[in-house]
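A.B. asks: Spelled out, the chains give:
There are 2 protein chains.
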Amino acid sequence: MIGEATDLVGYSLYLDLLGPLARGRTRHDYDLGAEEARVRRAMELAGEGKTVALVCSGDAGIYAMATLVFELLDNGDLPDAARRIAIEVSPGISALQAAAARTGAPLGHDFCTISLSDLLTPWDVIEARIQAAAEADFVIAFYNPVSKKRRTQLAHARDLLLRHRPADTPVILATNLGREGESVRIVELAALNIDDVDMLTVVIVGSSESRVVTSGEGRRFVYTPRGYAGKAGSAMKRDAAE
Amino acid sequence: MIGEATDLVGYSLYLDLLGPLARGRTRHDYDLGAEEARVRRAMELAGEGKTVALVCSGDAGIYAMATLVFELLDNGDLPDAARRIAIEVSPGISALQAAAARTGAPLGHDFCTISLSDLLTPWDVIEARIQAAAEADFVIAFYNPVSKKRRTQLAHARDLLLRHRPADTPVILATNLGREGESVRIVELAALNIDDVDMLTVVIVGSSESRVVTSGEGRRFVYTPRGYAGKAGSAMKRDAAE
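Top to bottom, those sequences are chains W and H.
Heads up, the first sequence stops at 328 in this note's numbering, and the numbers go up one at a time, no gaps.
Heads up, the second sequence stops at 328 in this note's numbering, and the numbers go up one at a time, no gaps.
It is worth saying that the hints were derived from the structure and are not from the lab.
Zero decoy hints are in this set.
Copies of the same chain are indistinguishable here, so a pair counts whether it falls within one copy or spans any two.
Within a straight-line C-alpha distance of at most 20 Å, the following computed SDA-like cross-link-like pairs (lysine to any residue) qualify: (1) 136 - 303; (2) 136 - 301; (3) 136 - 87; (4) 235 - 281; (5) 136 - 302; (6) 136 - 122; (7) 235 - 280; (8) 136 - 101; (9) 136 - 90; (10) 234 - 117.
Pulled out of the complex, with its shape left as it was, chain W reads as follows (with noise of 0.2 Å):
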C-alpha cells in the first residue's frame, strides 16, 4: 500500500526506514508522540484528495495507529471530507511475534496480551486482567512494561503471577528487535529483574505448561505445547488434526 501512496506520514525515523520505497512521495515528519496529531493530520490529507500512508512499526492494529483512526473518525472534529476518507489496514508483524519468532514458540497455544500503561486505562482494570489471566494459565505478553515514571507494575505482576506458576516458568525479554542494540533473553520468573526491562522491551511469560529445551547445537528455546493434557509428552500421543 505504501506503493501507490502520495504522501507518507509518520515518526521520522519509520519513515526513514522505508529506504527507496520513500522516494517521491510527500514526507510529513513526526517526533515520537503526538500520535492523535500525526494521525488526525493524515485523515485530513486523505480528505484533501491524496493517497497517505500513516506509517507505523509492528502490526498497526496491535496497540498501535490504527484505532486511533477510528477513534478520531468516530469521535473527533474532523473535517467532513476526512470523515468520507476510504481506510485500508495493513496488518503487519508486532513486536510479540517477533520476540516468539526469535526465541522459539512460546505463543504455541492459548495467550493474552496485556499493557501495563496506566495512562489510558485504570490500574485495577489492569490488575484485573493479570489476575484472570494469571490463574486461567494464559502465556501473557506485556507491552509497555514500564516508562521512566512507571517501574511498579511489572514488578507487581511478576509477584501475582508467581502465586500461579512455578519460580521456573520461562520469561522472555526482547528490546530493539531487527534494530541495532537488539537484545533478547530467557530468564525465570522469579529472576526477573525489573531492572533489565526498558520502555522499548515486550516481555512474555511462559503458561504453566511453557518450557526450555536446548537444541543440539546447544542454543535454548522457549516453547509451549499445542496441548494441555499435561506436559508436552502426552499431548505427543495424539495429532493436532481434526
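Please build the complex by placing chain H on the supplied structure of chain W, with the hints as guidance.
C.D. replies: Chain H in isolation, oriented as in the chain W frame:
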C-alpha cells in the same frame, strides 16, 4: 528463508501458493493432517544436511507448526543428526491479524486467543479460560471454533460471554482470508449463529469497549479504543505517549 532452502516440506496447497519461489527446490508434499509426520520429515531432512523450509500458513508460532518442532526436539524419538540441526522461526500474519485488519482495529487493546479444540486440551481448562477472559473483558479471538464433530463449544462460549458483555458486542466472523471464497461479517454477540461458522473461520469477539463505526463512505468498522477510561471519547482527552 524459503529463498535459501533446498527442500520444501508442507501441505500441497501451501507449496503451490509459493509459485515461482518453489522452483528449483525439492518438494515434499503432504496432505492436511499428519502434522507430526510432516515436521519429523523436515527435521530428518535437515539432519541429512538439507536446508529445509517447513511451510505453513499464518504465523508458524501461533497454533501452528513451530511448536511441534520443539515438542519433537524435546520429546520425540528423533535420529541424533535431526537433534543437532539449526532452527530459525519466521513470524507471519496470523488469521486474527488478517481478520482484524480487514474489519478495522478490534485488537486495539488487550486481547487473548483461545483454541476451542478439545482434542489436546480438556474442556474444563478451555472453559476456565473463556470464563477468565469474559470476566476480565479481553477481546477474544477463537481459533478452531468448530469442527465436523464439534459444534457445542462456541455456543457455550457465546452464552457465557453474554453474561459479561452487552448483547450488541461486535463479533467478527472471517473465513478464507486472502483466498477464494473470502467472507468477513460483523454480527452482534447475541445473534452469533453457530451455523455461520466453519472450521476455517476465525471468530473475534469484542470487549465491552469495542465499537462499530460507519465511515463516510458507508463501510462498517470495528475498533477497540486504546484506553479503558469509559468509551473512546474520554480516552481521547489524553494522548498515548508517555
